[in-house]
Amino acid sequence: MYLDPHAHMVSRTTDDYERMAEAGIVAVIEPAFWIGQPRTHVGSYIDYLAWICGFERFRAGQFGIRHYCAVGLNAKEANDEELAEGVMEILPRFALKEGVVAIGEIGYDEQTDLEERYFRLQIELAKELELPIMIHTPHRDKKKGTRRTMDVLEEHGFDPSRVVIDHNNEETVAEVLDRGYFAGFSIYPHTKMDAPRMAEIVKSFGPERIIVDSACDWGISDPLALPRTAELMRRMGIPEEHIRKVTYENALEVYGKSGQICEEDWLAPPAIDQRTLYMGNTILRGGQKPRVERPERSEKAR
Amino acid sequence: MQPALELLIHWVRAHVSGDRRTWFDTTLTRLQGRDAADRALYIALGLTPRRLGKDDLKLDAEDLAAARAVRPGWDPSEWSLDQAARLAFLLTRFDGDEERFFRLMETLFRTADVGELVCFYRGLPLYPGQELYLRRAREGARTNMKPVFEAVAHRNPYPRERFDEAAWNQMVLKALFIESRLDPIQGLDARRNPELARMLVDYAHERWAAGRSVSPELWRCVGPYAQGRVLDDLARVLESSDPRERQAAALALFDCPDPRARALLAQIPELEADITRGTLTWSTLAAGID
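Listed in order, the protein sequences are those of chains A and B. Residue 22 in numbering that gives the first Met the number 0 sits at position 23 of the first sequence, and the numbers go up by one each step. Residue 42 in numbering that gives the first Met the number 0 sits at position 43 of the second sequence, and the numbers go up by one each step.
The set of hints was computed from the structure by calculation and includes no laboratory data. Small disclaimer: the values here were computed from a predicted structure and weren't measured. Among the hints, a few may not be true.
Claimed, not checked - Result set (EDC-like, lysine to aspartate or glutamate): computed pairs, CA atoms no more than 20 Å apart in a straight line:
(1) B/K53 x A/D272
(2) A/K142 x A/E88
(3) B/K145 x A/E55
(4) B/K173 x B/E205
(5) B/K57 x A/E55
As the list claims (entries may be wrong) - Listed next, with one range per pair, are the computed distances between beta-carbon atoms:
(6) B/R206 x A/S43: 33 to 39 Å
(7) A/P37 x B/R99: 51 to 57 Å
(8) A/V9 x B/R12: 37 to 43 Å
(9) B/R243 x A/T12: 50 to 56 Å
(10) B/G128 x A/S43: 25 to 31 Å
(11) A/I219 x B/R12: 52 to 58 Å
(12) A/D46 x B/P71: 32 to 38 Å
(13) B/S212 x A/D14: 22 to 28 Å
(14) B/D188 x A/D46: 37 to 43 Å
(15) A/D177 x B/R20: 43 to 49 Å
For glycine and all other residues, C-beta sits at the position ideal for the given N, C-alpha and C.
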């Protein structure tokens with residue numbers, strides 16, 4: 000069983016959902032983010048948040064995948080002050096929706112003053128609503144931005160064991176773990192992390208508080224990054240219990256602190272969910288062995 | 000207090016004790032306060048499934064009769080605890096101003112998650128100012144989210160009472176389209192009409208042309224208006240290898256006043272006898288479809 004704790008499923012196809020379920024992914028967390036171009040009205044943000052808490056959740060359930068969200072104002076759009084004010088006003092309405100496991104992904108993009116202001120406001124919101132936080136670390140000036148992110152969280156007295164700092168690399172991981180945070184790694188080869196480097200990191204740092212995710216979205220990314228990385232780690236001799244921690248348990252532990260995600264959701268869902276929201280995972284029904292490749296499909300694709 | 004609200008409160012209280020009961024009672028009291036802000040309602044609605052859980056309410060025959068008595072057609076037989084509690088919180092905010100309550104509901108609908116959508120649509124028959132909710136109900140009957148669609152279409156008196164013929168027909172066809180059942184639609188037989196029968200027959204032909212089957216329930220709204228080529232269709236369905244399709248054709252022919260329908264029925268005396276005895280009905284047929 001895998002849990003992909005960072006996947007922008009609104010950008011993915013039904014083929015992706017089918018393959019993810021076949022590969023043993025039982026749950027995904029969809030953090031609110033930029034959609035590739037800026038939203039210009041708070042209304043489109045409202046519809047986006049309603050979408051990830053609504054139709055996307057339903058859609059995932061039809062493929063036997065449980066769908067959760069993080070809601071927040073991302074750093075890029077925090078630079079549009081009028082939009083940002085509007086989003087901050089409506090955010091509390093979404094933060095308590097069913098399956099919302101964190102405020103996120105929030106943090107810095109260019110490390111501007113406006114980004115910092117809305118980052119701080121959202122840290123306070125997470126405190127008030129007792130939700131974990133999912134942090135997006137900047138692509139540019141990453142090392143400094145990551146450090147600054149943690150400094151600000153600590154100024155607000157936010158408990159690091161309730162925070163996932165995502166999109167780490169070899170340069171940031173040591174400090175993030177040392178300071179008590181969960182360290183996320185997005186297997187997004189061109190810009191963030193790839194599977195062989197990931198396996199090396201698990202080898203050298205061990206599995207505690209390390210979380211692997213796909214961050215799959217509208218760019219070149221892989222919704223099967225998690226099962227593929229797990230396969231590679233197996234081949235490299237990393238123990239099965241370590242793989243399970245970094246691809247399932249650690250994410251469940253930290254986001255479980257929201258009270259909105261637990262194993263029973265997919266292993267023994269409430270009757271009303273079974274009737275409406277969740278069609279059951281073929282792997283869990285014992286129907287299939289997990290698989291990452293579908294030869295007949297991939298051949299056609301090539 | 001509104002009688003529906005009283006019932007909801009009674010059912011929730013019968014279901015919870017201890018901390019859950021305390022949370023429900025305290026929240027309800029707070030929301031009854033005239034100066035309680037909408038924000039308190041939003042938070043209460045968000046917390047409801049977290050604090051109370053999502054058990055089925057499991058109402059008995061007496062409860063269901065009480066529901067029908069306060070609001071004809073109200074059928075909460077499949078409701079869950081969190082749904083009843085959320086609707087109690089909502090209705091407790093009604094202060095006599097129907098327009099204001101409607102605006103509040105619209106705000107909530109626009110930012111609802113799936114569970115809330117199901118709950119708010121199931122609550123349609125209970126909202127004051129029923130005529131205000133027509134556009135909203137039609138929106139719900141347009142969704143592709145099956146549980147949300149069914150919250151409007153199934154066990155809900157609102158569509159039969161308010162939808163015009165075009166909206167009604169679209170809802171019935173949509174139910175078949177998303178592979179939902181027709182039997183739980185209230186007023187299904189009473190609101191049959193020739194235009195719907197035509198739409199359904201066209202749909203059946205479209206499916207057959209593509210080499211696909213249709214739900215046997217489709218024929219339920221066709222029977223009374225079948226004549227000519229539609230009777231040819233029913234004769235064809237009567238030859239189907241699927242027993243449920245043969246049963247559906249028999250039931251449709253039984254509803255059809257055309258003399259040729261009688262003649263076709265006479266060829267299947269066992270099914271006709273089952274229908275006359277009441278052991279084969281549209282509901283028993285629907286119960287056999289998963």
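Evaluated hints:
no., hint, verdict
1, B/K53 x A/D272, "holds (9 Å)"
2, A/K142 x A/E88, "violated (31 Å)"
3, B/K145 x A/E55, "holds (13 Å)"
4, B/K173 x B/E205, "holds (15 Å)"
5, B/K57 x A/E55, "violated (29 Å)"
6, B/R206 x A/S43: 33 to 39 Å, "holds (38 Å)"
7, A/P37 x B/R99: 51 to 57 Å, "violated (35 Å)"
8, A/V9 x B/R12: 37 to 43 Å, "holds (40 Å)"
9, B/R243 x A/T12: 50 to 56 Å, "violated (34 Å)"
10, B/G128 x A/S43: 25 to 31 Å, "holds (30 Å)"
11, A/I219 x B/R12: 52 to 58 Å, "holds (55 Å)"
12, A/D46 x B/P71: 32 to 38 Å, "holds (36 Å)"
13, B/S212 x A/D14: 22 to 28 Å, "holds (26 Å)"
14, B/D188 x A/D46: 37 to 43 Å, "holds (38 Å)"
15, A/D177 x B/R20: 43 to 49 Å, "holds (46 Å)"
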